[in-house]
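Listed in order, the protein sequences are those of chains X and S.
Each step along the first sequence adds one to the number in the working numbering, with nothing skipped, and position 100 is 100.
Each step along the second sequence adds one to the number in the working numbering, with nothing skipped, and position 97 is 97.
Derived from the structure by calculation, the hints contain no laboratory data.
Worth double-checking, as some hints may not be accurate.
Identical copies carry no separate label here, and so any pair may be met within one copy or between two of them.
Calculated lysine-lysine pairs in the DSS-like style (CA-CA distance at most 27 Å, straight line) [stated by the list, open to error]:
(1) Lys6 <-> Lys146
(2) Lys146 <-> Lys121
(3) Lys121 <-> Lys15
(4) Lys6 <-> Lys121
(5) Lys15 <-> Lys146
(6) Lys121 <-> Lys111
No experiment lies behind these values; they were computed from the predicted model shown.
Protein chains: 2
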Amino acid sequence: MADFEKTGRTRVVRKPDRGRYDRATVYAILDEALICHVGIVEDGRPVVIPTAHWRDGDRLYVHGSRASRLLRAMGDGAEVCVTVTLLDGLVLARSGFHHSMNTRSVVIFGKADPVRGRAEKVAALRAFMERLAPGRWDELRPPTDKEIAATEIMALPLVEASAKVRTGGPPGGVPPTTYAGGAPATPGGPVDAEADYAHPVWAGNWPIIQSMGEPVPDARLAPGIALPAYLRHGRG
Amino acid sequence: MADFEKTGRTRVVRKPDRGRYDRATVYAILDEALICHVGIVEDGRPVVIPTAHWRDGDRLYVHGSRASRLLRAMGDGAEVCVTVTLLDGLVLARSGFHHSMNTRSVVIFGKADPVRGRAEKVAALRAFMERLAPGRWDELRPPTDKEIAATEIMALPLVEASAKVRTGGPPGGVPPTTYAGGAPATPGGPVDAEADYAHPVWAGNWPIIQSMGEPVPDARLAPGIALPAYLRHGRG
């Protein structure tokens, strides 16, 4: 797959060594995150709305009620900026100035196309569910025509996008980023001014972990229903 | 403290029972989250940028390099929309249509004011560090004038804001939200169509947990430095 072309909006200008333009990096971040933040302009002013997303091939999907502000704006052809951020850790340096966060983020610009047609919409929703809980779609009460009609699905072509990564990931993952001419002594750790390394304060990477907890069954669960495999093994 | 006044931009129109306008709810969400997504308009088009934030009283603070796109725009008086989202769980219903997510989000509109003056800037940065790691500020190598001058800090008055909550929190926390005329049988659980409760599929709340991991000391940590208390007891 060809890398994303850098544009005036997607080129990482500050700390350019943190910019990533390959689809593998961008898609991995989109696939790991459960929610995105979508920016639109309303009456000349910015509005940022959080929503679930999923990716299928070279498109990013969001969905919602036909009546929602975001879906209506997107359906009217609004230009959007979709930002997805994974927070991996706090970076504790010897000076306040060199503190940082390990994050992996993606920014996408463009206009989305509505998914039309019952079969196309059901296929898109099935892809979303497969991503969260493989096999679950076929266990559910099937969707009604009314439900499908009430659900707006928008597909944003992944054409103008980039990632920005300060890695807090495991060694062997994305290479540690560098800045200020230096490299962290520890993956995900701080890059301090050389004279500060002797300063007697704890420094390092304080990881942030997002995980799926123990599923809580609904009080009205029908009798005899076991916990499905997709819930036993964690997401994805 | 007076509730936030509902405006055309902050009133929760869809699922209005999820809207919260009291400062306690809004501030608790802002204080729990580590990052926000800031929307600005550039050349008439939306741009959404993730950044760390902190709250002090009735103001939300962000900071960064003077050279950054976001800080420059904010310094030039750009209208912003700041959105903060906490994702608490996936809500698994008996139909695809009634699946949901337990989220707590805040949206803020306004224009930010720069924090000027060395003492004021240092006080703001200290408040930020105190929130993340109480006591750490005084252990650090003190900031230089150059560092303080290079750091732009913007304060957004918390005037036009609201929260939207579908609770996945513990019973006794925020009251369970309701929709479609019903209430979840389990806090954080699904609200299904009545006819669907007999459908034989697992349903419930699949919690998402964000936690601080084991701190990873920097490889160049000065000898004899113990793990500080604020890292042993988790954040805040």
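List, from low to high, the hint numbers that the structure doesn't satisfy. Checked against the structure, the hints that fail are numbers 1 and 4, while the rest are satisfied.
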